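**Q** Below are the chains, spelled out letter by letter.
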Amino acid sequence: EAGVTQFPSHSVIEKGQTVTLRCDPISGHDNLYWYRRVMGKEIKFLLHFVKESKQDESGMPNNRFLAERTGGTYSTLKVQPAELEDSGVYFCASSLGLAGTQETQYFGPGTRLLVL
Amino acid sequence: GDSVTQMEGPVTLSEEAFLTINCTYTATGYPSLFWYVQYPGEGLQLLLKATKADDKGSNKGFEATYRKETTSFHLEKGSVQVSDSAVYFCALSGGGSYIPTFGRGTSLIVHP
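Just so you know, the sequences run in chain order A and B.
First residue of the first sequence? That's -4 in the working numbering, and the numbers climb one at a time after it.
First residue of the second sequence? That's 3 in the working numbering, and the numbers climb one at a time after it.
Keep in mind that the hints were calculated from the coordinates and are not lab data.
Please read these numbers as outputs of a predicted model, since none were measured by experiment.
Glycine included, each C-beta is placed from N, C-alpha and C at the ideal position.
Careful, some of the hints might be misleading.
[To be verified] With a Cα cut of at most 25 Å, we get these calculated SDA-like pairs of lysine to any residue:
no., chain 1, residue 1, chain 2, residue 2
1, B, K54, A, E98
2, A, K46, B, K54
3, A, K73, A, V14
[As the list claims (entries may be wrong)] Going by beta-carbon spacing under 7 Å, a handful of chain A positions derived as facing chain B:
no., residue
4, K36
5, E37
6, F40
7, V45
8, S48
9, P76
10, L93
11, A94
12, F102
13, P104
All chains should be built: construct the whole structure from the sequences, respecting the hints.
**A** Printed below as a string of structure tokens:
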């Protein structure tokens, strides 16, 4: 069974440009999560989808970030326009049920974003 | 709010050495505690977990005991291997939130 996949693995862009990250969860997983790790710091929650609906987007830093999950399958995270502080590793995770003590989240390898 | 503090790395060890990675937490209520591992080029994987005080989580030779009195969840392994080289993240969830709170991660490098 394929795991969570993310594309691209790396992206280098200039400040002001737009970047779109993609996440393909494990097939059948209704719950999809985005996280971000800024260099050397904690992994921070960004948002959570249940199917195509945003369940919790309390971690989204500002309105330059737009996440979508049309059709409840793959998800995209767009940053427009990108700023220097957006650099970091963006992780996607999915779970069959709601993540918690009894339900494991499966993480993708991350997209490493560098904004110059 | 909830927080997790783990020792800074990198931790560099020789093969077969004893490993300890310290993790302490601050949380309301009684959280569940986790260790995740990220091997090079891969996503985070759940390594072990403990859901209540004095529980011991274990997997692949790694162990961690939920210590409520010291709010700690230190990761240990008696004899590390080169293949254990990875980044280890301590995390907690609970208090009504299912979203884990992560520490900063500790890089482990094991030399042959």
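**Q** Work down the list of hints and note, for each, if the structure agrees.
**A** How the hints compare with the structure:
1. B:K54 with A:E98: Distance ~16 Å between B:K54 and A:E98 Cα, so the pair holds.
2. A:K46 with B:K54: Between A:K46 and B:K54 the Cα gap is close to 31 Å, so the pair fails against 25 Å, i.e. violated.
3. A:K73 with A:V14: OK: A:K73 and A:V14 at ~6 Å, within 25 Å.
4. K36: For A:K36, the interface hint holds, since the closest Cβ of chain B sits about 6 Å away, which is under 7 Å.
5. E37: holds, 5 Å
6. F40: holds, 5 Å
7. V45: violated, 12 Å
8. S48: Where the cut-off is 7 Å and the nearest Cβ of chain B is about 16 Å from A:S48, the hint is violated.
9. P76: violated, 28 Å
10. L93: holds, 6 Å
11. A94: holds, 5 Å
12. F102: holds, 4 Å
13. P104: Status holds, d = 5 Å.
When held up to the earlier numbered hints, the structure conflicts with 2, 7, 8 and 9 and fits the remainder.
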